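Number of protein chains: 2
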Amino acid sequence: MADHSAETVAEALDFLADFTTMSTFGATAAGGVERQAATAEDGQTRRFLVDWFDRHGFTTKVDAVGNMYGLKEFVPGAPYVLVGSHLDSQPSAGRFDGAYGVLAGAHAAQRVADRVDDGSLAPRYNVAAVNWFNEEGARFTPSLMGSGVYIGKFDADATLELTDHAGITVRDALSAIGFHGDDEPPTAVSYAEIHIEQGPVLERENTTIGIVTANWTARKYTISVHGEQAHTGATHMAHRHDALVGAARVVLAVRELTSMFPAELVLGSVAQFDVEPKVAGVVPAKVTMAVDVRSSDPDTLEKAHDELCAAIARIDSDGEVHVSIDSSAPRLSTSYQTEGIELAEQVARDLGLSHRRMLTMAGHDSVNLKDIVPTVMLFVPSVDGISHNEREFTRDDDLVAGVEMLAETLARMVRGDIGAVTTD
Amino acid sequence: MADHSAETVAEALDFLADFTTMSTFGATAAGGVERQAATAEDGQTRRFLVDWFDRHGFTTKVDAVGNMYGLKEFVPGAPYVLVGSHLDSQPSAGRFDGAYGVLAGAHAAQRVADRVDDGSLAPRYNVAAVNWFNEEGARFTPSLMGSGVYIGKFDADATLELTDHAGITVRDALSAIGFHGDDEPPTAVSYAEIHIEQGPVLERENTTIGIVTANWTARKYTISVHGEQAHTGATHMAHRHDALVGAARVVLAVRELTSMFPAELVLGSVAQFDVEPKVAGVVPAKVTMAVDVRSSDPDTLEKAHDELCAAIARIDSDGEVHVSIDSSAPRLSTSYQTEGIELAEQVARDLGLSHRRMLTMAGHDSVNLKDIVPTVMLFVPSVDGISHNEREFTRDDDLVAGVEMLAETLARMVRGDIGAVTTD
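Note that the protein sequences, when read in sequence, are chains X and Z. All residue numbers for the first sequence refer to this note's numbering, where the first residue is 4 and numbers rise by one. All residue numbers for the second sequence refer to this note's numbering, where the first residue is 4 and numbers rise by one.
For reference, chain X alone in the conformation it holds in the complex (with noise of 0.2 Å):
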């Protein structure tokens, strides 16, 4: 077990008070939170962030896409480990949901700073924690925005020129709740993000530390499919074409899909799904979708790949309606660096924390990080693995152990255990 010495007891409940008050903004009353990109609580949520760093010496930066850098400069010029993870949610959301790993990184950078400090730890590199800008991609897509900026994936002009569903740009959003700033982000040396697993793993063995060698690959489809508008009360049946019928076949082909293979190898579902027309009377003209298959094996994944694209060929050739899959983004599997991958280990040895490597289901923003930098991936556990919803649970002394745990990483990134080769 790791040392639970006073000065640890009182930085641990410095960290629950801090997350119990960051957790009532945009609170439910199921005790989730709703705090979407650029949202007022999302807006709430970033001024306490700003307000924190403020009152812990760290200095606030903004960037174009709403990305938010606290910076403790140790060694002047050199460059800096980044630690975070994402402030905004999906709707009806857990609070810990890339909430804790924000505020995590924040404590933990402090930690690291009074080690500089007191002269206990010797810095190669400058620390900065991070809240990345919509992550969720719940009112915004694509997904994983703002650290996709950041790693020149996507354009930062190009992205603030997104819209929601109702027609606001990213770039209107973000002025809403003052946070489209112009700040130069910081060079990243390597990169650290915890989060809750989201899954059921590290809770069923007993387990505090879950360290991430790689993540799931997943396809990412759009579908549509097409009938034709008609009276629900006057049009004989066989005169109909019926796109929401149609689509109901590719809801349970998706289904019948994960069973084909061993439990547990394949996850797939739908979402987003919408009906035009969606009156009384008439039978739907036409149905979107987005489909999302994932497997921790990438040859599975093609192989569930070619069966879906078949059993949406038999639906189409059916004749009832057309169904068209009209975009089908890879999302590949790749590895954490070993590096990160060895550091986080020797950290949970050295801490006593029961740790193990594992596979990522769900997309971090770490995912995009580690395609420029070394990047440790960190997990603690979740109650039953629920996510994307409201009873969303991690105990307090997983919490706890898991800012441990994240802070003594990130002290050896800075003093340049790992991040000595910059990629650019």
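Because the hints were derived from the structure by calculation, they are not lab data. From a predicted model like this one, the values you see are computed outputs, not experimental measurements. Heads up, a few of these hints could be off.
Heads up, simulated DSBU-like pairs for lysine-lysine below, C-alpha to C-alpha not over 35 Å straight-line [said to hold, decoys possible]:
1. K156(Z) - K281(X)
2. K289(X) - K306(Z)
3. K281(Z) - K289(X)
4. K281(X) - K281(Z)
5. K64(X) - K281(Z)
6. K156(X) - K289(X)
7. K289(Z) - K306(X)
8. K156(X) - K306(X)
9. K64(Z) - K281(X)
10. K156(Z) - K306(Z)
11. K281(Z) - K306(X)
12. K156(Z) - K289(Z)
13. K289(X) - K306(X)
14. K289(Z) - K289(X)
15. K306(Z) - K289(Z)
16. K156(Z) - K64(Z)
17. K156(X) - K64(X)
18. K306(Z) - K281(X)
19. K289(Z) - K281(X)
20. K281(Z) - K156(X)
Just a few of them, taken from the derived set where beta-carbon distance is under 7 Å, the chain Z residues facing chain X [said to hold, decoys possible]:
21. Q93
22. A141
23. Q201
24. G236
25. T261
26. V282
27. A283
28. V285
29. H391
30. N392
Here a beta-carbon is modelled for each residue, glycine too, at the ideal position from N, C-alpha and C.
Starting from the known structure of chain X, fit chain Z onto it as the hints suggest.
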């Protein structure tokens, strides 16, 4: 065939010209119209009708729920033969549904007035052309709203407080277009309505006039599926309670229901399919939908009802989701009065128009009116039976024959061939 004197031809061309003008209000690029109840486009069409009434010497009255009446009083104090249909449409709708019946009713009433004026028709009753408010129920639920208030099935004050999806009340919507009136509606002695068939029977059988004897029975259900919100990327399939998967099963169960019975005996549809939340990355927690099952045979409908309840119980007992039938309102099959059916048959014979008795699958305002007065319901052919679709079409010769049929029927109703007994 009907006699085509020069005057008849002039009347036909006049009708078609008016119909063309009327079809420009809310016109869509594909040849349809979009003028949902009490929208600006509905208002334009209504002002066209007021202007038409003015130009032809009708007195316009508008009641509290926006029903419009164009009155010709021949016999002071006598009740009125009403003739009409509805000007409101579904979204992306055809230009014939309802609008044809209102304009045909106005022209028929004018022809009757001409015959009263020239002494060739001795009136026992007065005549009023009618536009019933919100027959479709697309913007405001329930459908058949204006005629429902007229016959006393719905309370006018309560109806005025109903809201659309944007929260706008019927009262405010009618006020905004200037059609929240305060006139007393005329007292009906009988009612006539003509409508496109919205089915393929007349065209298939090369018959010009359908004489409706009764309406199909229907059950209209509100069904909700309750699951649990979760992360699409991180929640194992065994832990999911996906409301969209459960709802897809309901959609396909409704479709299967229709194939359990002989062809064309049962119709089943799902519309108003609402998914919450509707964002990428989130397994939906709840789906609500409107299910509509109809049959020409009441016993068959009850068998279909039992089958649907059993199918829903099976989906519910599967355990992934909870499915509830929140309401299941039956619409009984009721007959149009024999005296009206026989009158229409006599008129068709006298005019040399091919005709047949038939049921109406769709609901019409006449289904309400027949509950209080003798009612005649007429159909003209629909090409391919297409309806609630911009491709809805009825040929000019059928439109013109329908107006002749309606005018002669109306004339005999005004002279008192039916409707001598009023209910109250």
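Evaluation of the provided hints:
no.: 1; hint: K156(Z) - K281(X); in the structure: holds, 27 Å
no.: 2; hint: K289(X) - K306(Z); in the structure: holds, 31 Å
no.: 3; hint: K281(Z) - K289(X); in the structure: holds, 16 Å
no.: 4; hint: K281(X) - K281(Z); in the structure: holds, 14 Å
no.: 5; hint: K64(X) - K281(Z); in the structure: holds, 33 Å
no.: 6; hint: K156(X) - K289(X); in the structure: holds, 32 Å
no.: 7; hint: K289(Z) - K306(X); in the structure: holds, 31 Å
no.: 8; hint: K156(X) - K306(X); in the structure: holds, 28 Å
no.: 9; hint: K64(Z) - K281(X); in the structure: holds, 33 Å
no.: 10; hint: K156(Z) - K306(Z); in the structure: holds, 28 Å
no.: 11; hint: K281(Z) - K306(X); in the structure: holds, 28 Å
no.: 12; hint: K156(Z) - K289(Z); in the structure: holds, 33 Å
no.: 13; hint: K289(X) - K306(X); in the structure: holds, 28 Å
no.: 14; hint: K289(Z) - K289(X); in the structure: holds, 21 Å
no.: 15; hint: K306(Z) - K289(Z); in the structure: holds, 28 Å
no.: 16; hint: K156(Z) - K64(Z); in the structure: holds, 21 Å
no.: 17; hint: K156(X) - K64(X); in the structure: holds, 21 Å
no.: 18; hint: K306(Z) - K281(X); in the structure: holds, 28 Å
no.: 19; hint: K289(Z) - K281(X); in the structure: holds, 16 Å
no.: 20; hint: K281(Z) - K156(X); in the structure: holds, 26 Å
no.: 21; hint: Q93; in the structure: holds, 5 Å
no.: 22; hint: A141; in the structure: holds, 4 Å
no.: 23; hint: Q201; in the structure: holds, 4 Å
no.: 24; hint: G236; in the structure: holds, 4 Å
no.: 25; hint: T261; in the structure: holds, 5 Å
no.: 26; hint: V282; in the structure: holds, 4 Å
no.: 27; hint: A283; in the structure: holds, 5 Å
no.: 28; hint: V285; in the structure: holds, 5 Å
no.: 29; hint: H391; in the structure: holds, 4 Å
no.: 30; hint: N392; in the structure: holds, 5 Å
Of the numbered hints given earlier, the model fails none.
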